[in-house]
Amino acid sequence: MLDDPSDNDACRFLSLLESTDLVQNVNGPTHRSGHTLDLIMSREAINVVSTTKILSSDDVSDHFLVTCKLDCPRPPPSKLILSSRNMKGIDLDNFTTGIMSSPLANIVSLSSDPSDMTEQYNTTLSSLLDEHAPLIQREITLRPNSPWFNKELRDLKQQKRQTERRYLSSGLEVHRVIYRDICKHYKDVLTKTKSSYYQNKMSTCNQIQLFKTVSRFLQSKDSVSLPKFDSSDHLAVQFNDFFSQKIANLRAELEQSSLPPVLIDCARKECQSTLTNFQSLPVMTIHDMVAASSNSSCLLDPIPTSLVKSIPILMPTIASIVNQSVTSGHFPCQLKTSLLRPLLKKPNLGKDCFSKYRPIANLPFLAKTVANQIHSYLDCNNLYPEM
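Just so we're aligned: 218 in the UniProt record's numbering is position 218 of the sequence shown, and the numbers increase by one with no gaps anywhere.
Source of the hints: derived by calculation from the structure; they are not laboratory data. Where hints are given, some of them may not hold.
Stated by the list, open to error - In silico BS3-like links for lysine-lysine, alpha-carbon gap of 27 Å or less:
| no. | residue 1 | residue 2 |
| --- | --- | --- |
| 1 | Lys356 | Lys228 |
| 2 | Lys184 | Lys194 |
| 3 | Lys192 | Lys160 |
| 4 | Lys351 | Lys212 |
| 5 | Lys157 | Lys69 |
| 6 | Lys160 | Lys187 |
| 7 | Lys187 | Lys228 |
| 8 | Lys346 | Lys228 |
| 9 | Lys184 | Lys69 |
| 10 | Lys160 | Lys69 |
| 11 | Lys160 | Lys246 |
| 12 | Lys184 | Lys151 |
| 13 | Lys88 | Lys356 |
Said to hold, decoys possible - Label-pair distances were calculated between CB atoms; the ranges are:
| no. | residue 1 | residue 2 | range |
| --- | --- | --- | --- |
| 14 | Ser126 | Ile374 | 25 to 31 Å |
| 15 | Ser293 | Arg85 | 20 to 26 Å |
| 16 | Ile374 | Ser203 | 53 to 59 Å |
| 17 | Ile360 | Asp71 | 44 to 50 Å |
| 18 | Lys192 | Thr51 | 34 to 40 Å |
| 19 | Asp130 | Met100 | 17 to 23 Å |
| 20 | Gly329 | Gln209 | 41 to 47 Å |
| 21 | Lys187 | Thr51 | 26 to 32 Å |
| 22 | Cys11 | Tyr198 | 54 to 60 Å |
All values derive from a computational prediction rather than experimental measurement. Where a beta carbon is used, it is the ideal one built from N, C-alpha and C, also for glycine.
Please construct the entire structure, taking both the sequences and the accompanying hints into account.
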């Protein structure tokens, strides 16, 4: 009985509430025989409880009904500014016409240097992409992703809101019953539609898609493990310096190491076979190689890989860059840059030590195309060392 000042237990309880920054909001008897027995507690510093009422009870219970109003307004929706391009709105015929009227149509006559050819390739395609699909910034409202929420559910939800407003306005029993029935019907249809959506999705996907669907359904996201940082730019510079120094150390160790006697004897033997030049690949081979590659792109690519596959007129240009790079033994300097993503070697390792990370490189599409050509040549001619 908190309203009795002579009750030692009540005094100790109120003292405990005060020590934990809590406040008791019910003032008045909440029992038929008197005294305050039912409580509503809240933080004193952030008191969200207001308009507390004690309503007389009927014969159902000897306790009174205690109601309150919570000052908890709905938080404003989160906004996010995105930069995107309307790739689906690109007219391929007009884009192709732009390529034909650009220096890419006869790139071999402009330069024989693979770096110059790659620079012309990147510059021209970037300009055409800005012309046909300019970068647009737009503000979106972040909402829960509900792919199963169809038109039927949207109409039922609207009907439920209408019956709710009607009941709150009139207070009639008949409107309360109608509102209760529509709520039950909406809940049943919602559960059935959601269950049917995920059943159909899981029955038609492969194993990889199944794991992704279940992970998305459970809302489990793989958190990116990175060292503690105050500035993401400074952390990126630290990772770059660490990996660059690691490469420099490996090169220094290789230069200082001495060859084993077996390799020295092999080096003295003369090889009768010679390789004077690489055979240039025809355009159709490059076309097949590009078509067989994945659609994954890199931020360093001038246009997405899927768009490259849709424009056959680019294949002679790509073939010229690949063949010139291989025959001259010169890898374009623009393709030596990649986007690195530090990945923790094992989940249980310490996140603050850079040596526990391995660099995962995302290469430009042209770099992967040149690498695939060299790999294909070495593999077809059995030039890989035996493992």
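Do the hints match the structure? See the list:
1. A distance of roughly 14 Å separates the Cα atoms of Lys356 and Lys228; the hinted pair therefore holds under the 27 Å criterion.
2. A C-alpha spacing of about 16 Å is found between Lys184 and Lys194, which places the hinted pair at or below 27 Å, so the restraint holds.
3. Proposed proximity of Lys192 and Lys160 is supported: the alpha carbons are some 17 Å apart, at most 27 Å.
4. A threshold of 27 Å between alpha carbons decides the hint, and for Lys351 with Lys212 the separation of about 26 Å falls inside it, so the pair holds.
5. For the proposed pair Lys157 and Lys69, the alpha carbon gap of about 25 Å is at most 27 Å, so the pair holds.
6. Only pairs whose Cα atoms come within 27 Å are accepted, and Lys160 paired with Lys187 is accepted, the gap being roughly 11 Å.
7. About 44 Å separates the Cα atoms of Lys187 and Lys228, which puts this hinted pair outside 27 Å; it is violated.
8. Note on Lys346 and Lys228: the hinted pairing holds, with a Cα-Cα distance of about 17 Å set against a maximum of 27 Å.
9. Straight-line distance between C-alpha atoms of Lys184 and Lys69 comes to about 26 Å, which keeps the hinted pair within the 27 Å bound.
10. Note on Lys160 and Lys69: the hinted pairing holds, with a Cα-Cα distance of about 23 Å set against a maximum of 27 Å.
11. Between the alpha carbons of Lys160 and Lys246 the distance comes to roughly 63 Å, so the proposed pair goes past 27 Å and is violated.
12. About 18 Å separates the Cα atoms of Lys184 and Lys151, which keeps this hinted pair within 27 Å; it holds.
13. About 41 Å separates the Cα atoms of Lys88 and Lys356, which puts this hinted pair outside 27 Å; it is violated.
14. Separated by about 26 Å at the C-beta atoms, Ser126 and Ile374 satisfy the suggested range of 25 to 31 Å.
15. Checked against the hint of 20 to 26 Å, the pair Ser293 and Arg85 passes, with Cβ atoms roughly 21 Å apart.
16. The hinted range of 53 to 59 Å is not satisfied by Ile374 and Ser203, whose Cβ atoms lie roughly 43 Å apart.
17. In this structure the hint that Ile360 and Asp71 lie 44 to 50 Å apart at CB holds, the actual value being about 49 Å.
18. The hint said 34 to 40 Å for the Cβ distance between Lys192 and Thr51, and at roughly 39 Å that hint holds.
19. A hinted range of 17 to 23 Å holds for the C-beta pair Asp130 and Met100, which are about 18 Å apart.
20. Separation of Gly329 from Gln209 is about 43 Å and conforms to the stated range, judged on CB atoms against 41 to 47 Å.
21. Distance hint for Lys187 and Thr51: a CB-CB separation of about 30 Å, consistent with the stated range 26 to 32 Å.
22. In this structure the supplied range 54 to 60 Å holds for Cys11 paired with Tyr198, their Cβ-Cβ distance being about 55 Å.
Against the hints set out earlier in the document, violations occur for numbers 7, 11, 13 and 16.
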